[in-house]
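J.: Sequence:
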Amino acid sequence: MDIRPFSIVNDAGLRCLVQECISLGAKYGNIHVDDILFSADTTSSQVAKLANEYRSIIRQKLIEPLSQHAVTICPDLWSDSHRQVSYLGISVCFTDENHHFFAYDLCCHPYTEVDKSAENIIIAIKKALEPFGITDLSQINFVSDRGPNFVKALKSYSPTYCVGHRLNNIIKTCFYQTGKIKYKADDYITNETIESVCSSDSEDDNDNYDRCTILASSYGYDLIDIDAIDIPSSAANILKTISSCKNLDQGGVAVLQATVVRWLSMSQLLESINRSYRQIKKILGDRKKIIVLDKLIILQLIILLRPFKHIILFLQKGKEPTLHLVTIAILTLRDAFNTHKSLLEYGQSYQANPSGEELEEDDEYLEESEGVRFFRIRLYQLLNTMFVLEPIHLAATLLHPRYKLLKKCSSYEVRECYVYIRVRMAHIKAKEKKKTTSSTTQGQTKTTDDANTFEPAKKKPKRFGEDFETGNVSDEFDDEHDDELSKYLKQRIDINSIKDNPLTFWYENRFIYPILSQLARSIFSIPATTANVERQFSAGGLIVNSRRTRLNPQQINNSLFIRSVKKNE
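Just so we're aligned: the sequence shown equals residues 1 to 569 in my numbering.
Treat the hints as calculated values from the structure; they're not laboratory data. There may be inaccurate statements among the hints.
[Unchecked claim] Okay, derived cross-link-like pairs now, DMTMM-like style, lysine to aspartate or glutamate, Cα gap no bigger than 20 Å in a straight line:
#, residue 1, residue 2
1, K319, E130
2, K404, D483
3, K126, E113
4, K155, E390
5, K567, E113
6, K407, D494
7, K431, E64
8, K127, E113
[Stated by the list, open to error] Computed beta-carbon distance windows for the label pairs:
#, residue 1, residue 2, range
9, H82, S117, 33 to 43 Å
10, S411, E97, 11 to 21 Å
11, E569, S23, 30 to 40 Å
12, E119, D222, 31 to 41 Å
13, R422, D500, 21 to 31 Å
14, S79, G13, 23 to 33 Å
15, K126, E53, 17 to 27 Å
16, H427, S23, 50 to 60 Å
17, R275, S158, 16 to 26 Å
The beta-carbon is built from N, C-alpha and C at its ideal position, and this holds for glycine as well.
Make the full structure from the sequences, and use the hints.
T.: So this is what it looks like as structure tokens:
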């Protein structure tokens, strides 16, 4: 018999299948298994057929949102660890005419282009989107990481970049994990430590600091450009502890491992070590393993990383709008890392403190050590330098009625946001006007042809000075104080009646704000992160294992797509 893990009995799909078989037996009596389970070839054909049927359904659902620029594509590349086959994964988010938010995994099929250049990535994306009726990429929004190939490929489409990747890269940069600087050994930090801490690949390394300036702070010094060889010994000890925590698996100790790509999961690793600290130390002692694990440093690192872990959970929600949370998240993080007191208050306010009796018994971790202070200030400065709030982030926040006043944003950011929204509204108005004019012209032409098919239509004489007329003043030169944006900002709204999902408000007020509600649909179709497509890759990794190395890649694509559709039913 095949060896399967015990956990398979908890699989939802298996339990549904078994329950259905039991129900059929109860209803129809004894049924032969061959009447229920078909051959592998039949099952494979049915999977492909079902996937094509679902693609047709999703294609129809996308028609109207595409016309309203309310569709967002999140592309990414992935390679399975067994056959090293490269896959192009694409997830889609869109808002329908009823202002409902949907997210699907459109594809995860082999990347067949000759290389991963920007030009070939665009070709692959177009091929992947054709079955869903998406042929004009200018109709859609894009969200991607800052990998150089995707930045170049999507440059002409004004993409929004993944916030999760950026926060991840800020932490990697803070703890000298990017591997961009050549280090040498000194008395405090070894080559082995640097190699361990800098071991993971950077997916978001296309940093550009030229347009960013470090905000003035009360510290009076810059910690961003300090090389690892120049950091204080207390900070070097923290890097040693991080290296030891990540290398625990080499000692055969079972703990929750930090993922290579997502360094934010280091917080989970530290919490796991803290919970089992005594047991781990005992095991290491019994095996005569010398690994530095400083309890105090581990506890303080947990406190330091908790705000990131807490906030990323909000930003990675996959079934509702999240872009409006970016402004709030970044400003909150900057406030939290400004002082040690504000960092502790963050944990208390959001109940994000580490749990466990050991923390309650010892308050020493509440005192900020010199090394932790170094990295807290460095994180604060990196948050102000590496992350720039774009107008679309501010606009998304403003379009949530709960945050429309943009509190804690600078006056420059508020003005920039207003300009951005009015420009987008003007584009929507122009598009609607063009559509109306086109429809009217077609109707007039048809009427004229029907009335007199033999006489040519008489051309209306041009009025002198017509080229200099302003037309409809309200269309071409809106009074800033009378447009929809100003009306929305002045509207009094009961704060208790506002839902977390901003699309509810815009659907209820779509007739009051016809242009602004269209803009809200478009902006809120854009997720803050590419978490959906990365979850798809995680599922793909579960499918492509050592027992399924001969699985047809197209069937992997079909299976993941069907899974996504079923999860949304």
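J.: Take a look at whether the Cβ-Cβ distance between H82 and S117 falls inside 33 to 43 Å.
T.: violated (26 Å)
J.: The hint says 30 to 40 Å between E569 and S23; measuring C-beta to C-beta, is that right?
T.: violated (20 Å)
J.: For the pair supplied as a hint, K319 and E130, confirm whether the alpha-carbon distance does not exceed 20 Å.
T.: Not satisfied, since the Cα-Cα distance of roughly 24 Å exceeds 20 Å.
J.: For the pair supplied as a hint, K567 and E113, confirm whether the alpha-carbon distance does not exceed 20 Å.
T.: Violated, at about 31 Å.
J.: Mind checking the alpha carbons of K126 and E113 for me, to see if they're no more than 20 Å apart?
T.: holds (12 Å)
J.: Does the hinted range 50 to 60 Å hold for H427 and S23 at CB?
T.: holds (55 Å)
J.: Verify the proposed pairing of K407 with D494, using a straight-line Cα cut of 20 Å.
T.: holds (17 Å)
J.: Taking the beta carbons of E119 and D222, is their distance inside 31 to 41 Å?
T.: Roughly 39 Å apart at Cβ, these two residues keep to the hinted range, so it holds.
J.: Verify the CB-CB distance for R422 and D500 against the hinted window 21 to 31 Å.
T.: Roughly 27 Å apart at Cβ, these two residues keep to the hinted range, so it holds.
J.: With the threshold set at 20 Å, check whether the alpha-carbon distance from K127 to E113 stays at or below it.
T.: Between K127 and E113 the Cα gap is close to 11 Å, so the pair holds against 20 Å.
J.: Between the beta carbons of K126 and E53, is the distance compatible with 17 to 27 Å?
T.: Given about 23 Å between the Cβ atoms, the range holds.
J.: State, for the Cβ atoms of S79 and G13, whether the hinted interval 23 to 33 Å holds or is violated.
T.: holds (26 Å)
In summary, the structure is inconsistent with hints 1, 5, 9, 10, 11 and 17 from the numbered list given earlier, while agreeing with the others.
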